[in-house]
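Q: Each chain, written out:
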Amino acid sequence: MDITTDSGHHVNQVVAKTQRSPRRRLVAVVAAAIVAALLLLITPFPRGFQGEATGDAALRREVESTLGSKHWHHMAAAKINGDEVTWAGAGADENTEFEIGSITKTFTAALFADAIERGEIDEGTRLGDVWPDLDGDVAEVTLASIAMQRSGLPAQVPAPDFITGARTMVANYIHTDPYLGTKTELIDSLSTVDVGDKKPEYSNFAFAVLGQTLAEAAGESYGDLVRERITEPLGMHDTFVPSSPGGLTHGYTASGLPAAPWTLHGAAPAGAIRSTTHDLSIWLQATMRGKAPGAEAAHPRAEYDENERIGWAWLTTTSRSPHITWHNGGTGGYRSFLGFNPDERTGIIVLVDTANSVDAAMGLISSDSASAADAPAMKEG
Amino acid sequence: MLLTQIICAALMVWGACSAIRSDRWPTRFQVLTRLLTTLTIILFIRLIADFGGWDGWFIYVWLAAMLAFGYGVFRVADVWPDLPWRNSAPGGGTTDASMSADAKASTGTEVNAPTGTVAKTAATDRRRETPGLVIGAFAVFVVAVALVVPGTMIS
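Residue numbers (the numbering used here), protein chains in the order written: chain C, 1 to 381; chain B, 1 to 155.
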C-alpha cells in the first residue's frame, strides 16, 4: 500500500488494483458505446429538405444545390420569369404558410410610400409630428431616414426594465419570441433612447417604430393597414399580421430544435407577417412592375454600403449581374429571401422553416460578378 | 454566428479534454462531477449552436468531441471499481461507506488515516464533493429542460 500526496494536496490512494478482467473492459466498452450512441442521437446531422416533393423538380434541385448542406426541414420556392411563375417545394407548396421575417419591412415601407401618396404624411414628417409627447433629438428623426435605415435609432428594441431584458435574453436561448413589448411600450421607449449618427445601420427597432407611427397617423392598427392597403387590393389572401401565436405553425432552429412562432407584439412592423410563396409572388411581381401600393419604395435612393444601395427598406446589390433588388428575413424558426431584377423581369422567392440562411438564393437569378458597363442605370429617388 | 461557433468549439475542446482526464480524479464523486460538467457544456452547445453543414467545420469538431467524451466514459468505467465514493474522512481510517465494495474486497489493504494539513485538505475536499456533484447534476437538468420543454409546449 502506498499513500502519496500530489502537488494539489490531494491524497491519492494507490491500492493494489484488481486485474483488469476482460469482463471489466467489456463493461467499459459497452458503457462508452452507449454514451457515444446517445450523443450521436442528439446530433443534428446535415441533411436535405424533408417531406414530399412538390412542384417543379428542376427548380427544387436548383434550390437544394444552391442552398447547400445544412440541417433542413421544409422549403417552398418560386421563380418568376416575366409572367411565368414556377413553383417548387419539399414538405411544402405554394400555399404553405411561413414567417417571412424582415421581408415584412418591404410592406411597412410600401405603407410609408402609400401614406405619402394619400397625403397622410410627407417625406419630411418627423416622429415628433405624430407623437407630440416626444422631444429632443428623437422627435427630429424623420420617417424617411428610418425607411432608409439611417435614422440613428438603436438596432434593437430597448428593454424597458431589467426583468424584461432578462426574459428577452432567455427567450433567445430557449427559442421563443424575444419581442415581448406592446405597441405602447415600444413608443414609450423612444423617450429613453439616444439618437446616434445618421449612418446606414440596420434597425429592427426603427422599422417597428415606423410601422406603428404610420398606423397612428392612419388611426388604425398595423395589421389592419397591411390588410386594407396591400393584401386585400392585391388578392394576397394568405398574408397577414398575426395577433397571437395560438394556432400558428412553428419552425426550427438551425440545429433542428422547435422554435416558437413569432408575433413580435408591438414590433410587428419589423418582421411579423406570415405569407406563402403564392402571395409573395403576387407581391414581387406587383412591386417589380410598379403596380403595388407603395411600389416606389423599391427604388434605390442612397448608398448603403460599397456594394449596395437602399430604397425604402429594399436593398439593391450593385456588385451582382444583373443587379438585384431584394430583402431577406429571419425569425427564430424561419428564413426567407425575395429578390428581383425589374429590367430582366426575373425574381426568386425562397421560404424555409429552418433558421438557416437562404440568401444564396439570389444566385438563382443573379451572378456574383458585375460589369459596370453592363449595369443598368439606377433610378434616383 | 461565427463567433458563437468559435466559442462553442473552444468549449467542446475543453470539455473533451476534461472528459478524457476524468479518470484521474480520486473519488467517484469527483469523477461524476467532472463528467456532469462536461455533459452540461455539451447540452448547452446543442441548445445554442448552429452546426452548419458537411461543408463546414463545426459538425466535425462536435463529432470529435463526442468521440472524446465516449472515450472519457470508457476510461472512467475502467477505473470505477477501484475508486472510493468520497475522500477519506479525517481522524480515522477510511470508513466503509467511503470505500467502494470492489476496492475493499480486492485489496485487503488498510488505509492509514491522513494527518495534519493532508487531513484538513481531505476534509475540505470531502465537504466540496457533494455540493459540486449537486451543482453539476442541477446544471445538466436545467440545460436538458431548456432543450426539451419548449419544444413540447409548441403546438
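It is possible that part of the hints are untrue.
What the hints assert, rightly or not - Here are the in silico distance ranges between beta carbons for each label pair:
(1) B/Trp85 - C/Ile34: 21 to 27 Å
(2) C/Val27 - B/Arg128: 39 to 45 Å
(3) B/Asp55 - C/Asp137: 27 to 33 Å
(4) B/Val148 - C/Pro132: 47 to 53 Å
Please keep in mind that the hints were generated in silico from the structure rather than gathered at the bench. Using N, Cα and C, we set each Cβ at its ideal position, and we do this for glycine too.
Q: Does each hint hold? Answer for all of them.
A: Now for the hints, and whether the structure bears them out:
1. Distance hint for B/Trp85 and C/Ile34: a CB-CB separation of about 22 Å, consistent with the stated range 21 to 27 Å.
2. In this structure the hint that C/Val27 and B/Arg128 lie 39 to 45 Å apart at CB is violated, the actual value being about 29 Å.
3. Remark: the range hint 27 to 33 Å for B/Asp55 to C/Asp137 is contradicted by a beta-carbon distance near 46 Å.
4. Remark: the range hint 47 to 53 Å for B/Val148 to C/Pro132 is upheld by a beta-carbon distance near 49 Å.
In the structure shown, a violation is registered for the earlier hints numbered 2, 3, in ascending order.
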